[in-house]
Amino acid sequence: MQRCYSVRIRAALAATALALGLTPAHAHHSATMFDIGHDTVIEGTIKDFQWTNPHSWLLVQESGASGRLWSFESGPPNILARIGVKRSQFPTGEKVTVHAFLMKDGTPAGLVTRVVKADGTEISLGSVGSEKH
Amino acid sequence: MSRTLRHRRSLALATLSALALWPTHFTTAAAAGANTAEQTFASSWEEYQAYRARAHGGVKHTVRDLPDWTGIWQRDSNGLLASFDDSAGVNPQLGRVYGRSTASLTPKYQAAYEAKVANVSAGKEWDRLSDCLPAGFPRMLAEPFLREFIVTPAETWMSHEQINETRRIYTDGRAHVADDEAVPLWLGDSIGFWDGDTLVVHTNHLKAGEYQRGQPDFSYQISTVERIRKVDADTIEDHISVYDPVSLTRPWHVVFHYKRVEQPGLRINYDACEENNNVYLAPDGTTRYILPGDPKYRDPTTFGIPPIAVGSEK
Chain A
1 MQRCYSVRIR AALAATALAL GLTPAHAHHS ATMFDIGHDT VIEGTIKDFQ WTNPHSWLLV
61 QESGASGRLW SFESGPPNIL ARIGVKRSQF PTGEKVTVHA FLMKDGTPAG LVTRVVKADG
121 TEISLGSVGS EKH
Chain B
1 MSRTLRHRRS LALATLSALA LWPTHFTTAA AAGANTAEQT FASSWEEYQA YRARAHGGVK
61 HTVRDLPDWT GIWQRDSNGL LASFDDSAGV NPQLGRVYGR STASLTPKYQ AAYEAKVANV
121 SAGKEWDRLS DCLPAGFPRM LAEPFLREFI VTPAETWMSH EQINETRRIY TDGRAHVADD
181 EAVPLWLGDS IGFWDGDTLV VHTNHLKAGE YQRGQPDFSY QISTVERIRK VDADTIEDHI
241 SVYDPVSLTR PWHVVFHYKR VEQPGLRINY DACEENNNVY LAPDGTTRYI LPGDPKYRDP
301 TTFGIPPIAV GSEK
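Line by line, the protein sequences are chains A and B.
Under this note's numbering, read the first sequence as residues 1 to 133, first letter to last.
Under this note's numbering, read the second sequence as residues 1 to 314, first letter to last.
Hint data in this document are derived by calculation from the structure and do not stem from the laboratory.
Mixed in with the good hints there might be a few duds.
The following label-pair restraints were derived from C-beta to C-beta distances [claimed, not checked]:
(1) B:Asn119 <-> A:Ser66: 31 to 37 Å
(2) A:Gly64 <-> B:Ser87: 46 to 52 Å
(3) A:His38 <-> B:Lys108: 34 to 40 Å
Using 16 Å as the maximum straight-line C-alpha spacing, the simulated EDC-like pairs for lysine to aspartate or glutamate come out as follows [stated by the list, open to error]:
(4) A:Lys104 <-> A:Glu43
(5) B:Lys259 <-> B:Asp68
(6) A:Lys104 <-> B:Asp284
(7) B:Lys296 <-> B:Glu275
(8) B:Lys124 <-> A:Asp35
(9) B:Lys296 <-> B:Glu274
(10) A:Lys47 <-> B:Asp68
(11) B:Lys124 <-> A:Asp105
(12) A:Lys95 <-> A:Glu43
(13) A:Lys117 <-> A:Asp35
(14) B:Lys230 <-> B:Asp68
(15) B:Lys230 <-> B:Asp65
Ideal placement from N, C-alpha and C gives every residue a C-beta, glycine not left out.
From just these sequences and the hints, can you work out the full model?
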């Protein structure tokens, strides 16, 4: 049931994004730094969600022995809000699975495309950030 | 100016003087996405003056009869966000959202452009926006964020969400800032007049820059002429002629389309670029992050916030 709900939410967000013409990334820096198209999955716990310009950032402490702190970049709050993303969706301490295009230079960072929460809810951010800039 | 060009310009101006023919000629060309000014004028100022002559100096709108350009708008770029002329399709060397350039460049600027494309293709790209500098003009026209056109009798403002750029176009009859007093500005100095419901604009005194990411560069000698009008309830069109004798071998004519964005409660918020700007240009030419734990990392939860208020955000 949750899965169906999640799919409906995603479809609605995608439709809204399309209507607004927000499929592209709106960013202030090059996207050549990312391994675009290579989806990598990181599981961990949210340390912080920075709802800031020029980009929002999701900081996640990786599960397991590494315990690495990952920094995932997303779109500006203005853009995310327009496609239905809310700050409250990323509470500190929540376990999440993050899909991202990682940095080519090997640093623990990347461009988040979607986040799967512990209850299976999926938040799509890929429409903001996976294309340009 | 060459003899051939002078002759061609004389013929063009003679044709313009047959006023009945000019509007039809321009409208037809505009509908086809072209611009009658191509290779006709020696400078942007001559092109601008020809439009003004045709419009008999233009009309002075009042608040009662100003064109209604209210609303929030966004560039329709056919998905080519890193483009200036989006009609040219994708740049096959770069793919994705990088558009092909249709500018006719001087050898020096052509070589620089080819080097830039090669660098981007190799993952080496740095954007001045990453220093929180403005897109500037004319690149502002090609940015994908939301924008507004604020029209008043004496001025029209073009505001852009990204880094809160606001361009002022004076239609009160003033002249440009004198050359020996002017300072090169990111958005330049814009004056204009109304030809019916079309805003005709001349812009000069600009800083050098690039047309968009992955696009050519232009020099301090750039100047432009625009014809901006609302072509239907949901579309504003901007025909621009770009002149730059240093970087272009002939004027670059491009058409921009802006589509109305409809969303209840939609607003443009302030965009403080520096509040969380942790990117830098690495020595190898790539863009990199400064991450938490690095001494140079600027923590957005404390940067610019009074210590007493840190941690108390709602």
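Here's how the hints hold up against the structure:
1. B:Asn119 <-> A:Ser66: 31 to 37 Å: At roughly 34 Å between Cβ atoms, Ser66 (chain A) and Asn119 (chain B) fall inside 31 to 37 Å, so the hint holds.
2. A:Gly64 <-> B:Ser87: 46 to 52 Å: holds, 51 Å
3. A:His38 <-> B:Lys108: 34 to 40 Å: holds, 38 Å
4. A:Lys104 <-> A:Glu43: violated, 19 Å
5. B:Lys259 <-> B:Asp68: holds, 14 Å
6. A:Lys104 <-> B:Asp284: holds, 13 Å
7. B:Lys296 <-> B:Glu275: holds, 14 Å
8. B:Lys124 <-> A:Asp35: Holds - the C-alpha atoms of Asp35 (chain A) and Lys124 (chain B) are around 13 Å apart, at most 16 Å.
9. B:Lys296 <-> B:Glu274: OK: Lys296 (chain B) and Glu274 (chain B) at ~14 Å, within 16 Å.
10. A:Lys47 <-> B:Asp68: Between Lys47 (chain A) and Asp68 (chain B) the Cα gap is close to 48 Å, so the pair fails against 16 Å, i.e. violated.
11. B:Lys124 <-> A:Asp105: Holds: Lys124 (chain B) and Asp105 (chain A) sit about 12 Å apart, inside 16 Å.
12. A:Lys95 <-> A:Glu43: Between Lys95 (chain A) and Glu43 (chain A) the Cα gap is close to 8 Å, so the pair holds against 16 Å.
13. A:Lys117 <-> A:Asp35: Roughly 24 Å separates the two Cα atoms, so the pair is violated.
14. B:Lys230 <-> B:Asp68: holds, 8 Å
15. B:Lys230 <-> B:Asp65: holds, 14 Å
Consistency note: the structure conflicts with the earlier hints numbered 4, 10 and 13.
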